[in-house]
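Novice: In full-length UniProt numbering, the protein residues as written are 1 to 174.
It is worth saying that the hints were derived from the structure and are not from the lab.
Everything numeric in this text was worked out from a predicted model, so none of it was measured.
Here are the simulated DSBU-like pairs of lysine-lysine, each with C-alpha atoms no more than 30 Å apart in a straight line:
#1 Lys-82 / Lys-12
#2 Lys-12 / Lys-103
#3 Lys-90 / Lys-167
#4 Lys-164 / Lys-12
#5 Lys-167 / Lys-83
#6 Lys-82 / Lys-167
#7 Lys-12 / Lys-162
#8 Lys-83 / Lys-116
#9 Lys-161 / Lys-12
#10 Lys-82 / Lys-164
#11 Lys-103 / Lys-143
#12 Lys-162 / Lys-143
#13 Lys-82 / Lys-161
#14 Lys-83 / Lys-164
#15 Lys-83 / Lys-103
#16 Lys-161 / Lys-143
#17 Lys-143 / Lys-116
#18 Lys-12 / Lys-143
#19 Lys-82 / Lys-116
#20 Lys-103 / Lys-90
#21 Lys-164 / Lys-103
#22 Lys-167 / Lys-103
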Amino acid sequence: MKPNNTPLQPLKYFLNFIFIIVIMAVGLNITGILFLPFFPESQFLADLLGVPFFKWEFAIVALIISSIVLHLGFIYSLYVFKKIIVSLFKSPLFSHFQILSLKLLGQLIILLVVAKSLFNIFSDMIFGKSELAGIHIFSFDSKLMAICLGLFFIYLSYVFKKAKELKDENDLTV
Numbered sequence: 001m002k003p004n005n006t007p008l009q010p011l012k013y014f015l016n017f018i019f020i021i022v023i024m025a026v027g028l029n030i031t032g033i034l035f036l037p038f039f040p041e042s043q044f045l046a047d048l049l050g051v052p053f054f055k056w057e058f059a060i061v062a063l064i065i066s067s068i069v070l071h072l073g074f075i076y077s078l079y080v081f082k083k084i085i086v087s088l089f090k091s092p093l094f095s096h097f098q099i100l101s102l103k104l105l106g107q108l109i110i111l112l113v114v115a116k117s118l119f120n121i122f123s124d125m126i127f128g129k130s131e132l133a134g135i136h137i138f139s140f141d142s143k144l145m146a147i148c149l150g151l152f153f154i155y156l157s158y159v160f161k162k163a164k165e166l167k168d169e170n171d172l173t174v
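Please put together the full structure from these sequences, using the hints given.
Specialist: Below you can see the structure in the form of structure tokens.
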């Protein structure tokens with residue numbers, strides 16, 4: 001029987017706390033985004049976005065919808081990470097669920113980083129900003145680190161898969 005007090009127990013509590021905080025923050029953010037159609041000529045909104053007059057176009061609606069999808073994708077990736085941590089506590093290591101979840105988490109992180117970068121480029125184009133802030137190919141910024149983290153999770157799923165194969169092979173010989 002596993003002891004209740006493991007070294008990863010604080011990580012589990014911290015992750016639950018962060019998950020609740022992120023759900024509340026993203027929920028408030030999505031609520032704010034959904035209220036935008038009710039105040040289309042808001043001076044505050046125009047000042048916030050840096051445009052002289054905020055008018056509704058298809059591109060603006062597409063940006064709002066894609067922003068909501070990005071927020072939900074972030075919550076889902078955090079949920080997958082939380083499920084992986086819980087799985088590490090409750091089930092044996094190198095389970096099929098852990099292998100698939102690690103690979104999914106890595107793919108989600110990479111997909112969300114690329115989608116967020118494209119979102120930033122299109123929003124800069126729509127609002128007429130001349131320089132593309134956020135594209136730094138040779139800099140050490142969070143997008144590059146997030147892509148590396150996604151690749152790490154994909155590689156970790158590969159390592160878990162190989163370890164599971166070795167474990168199964170070892171169980172057959174014993």
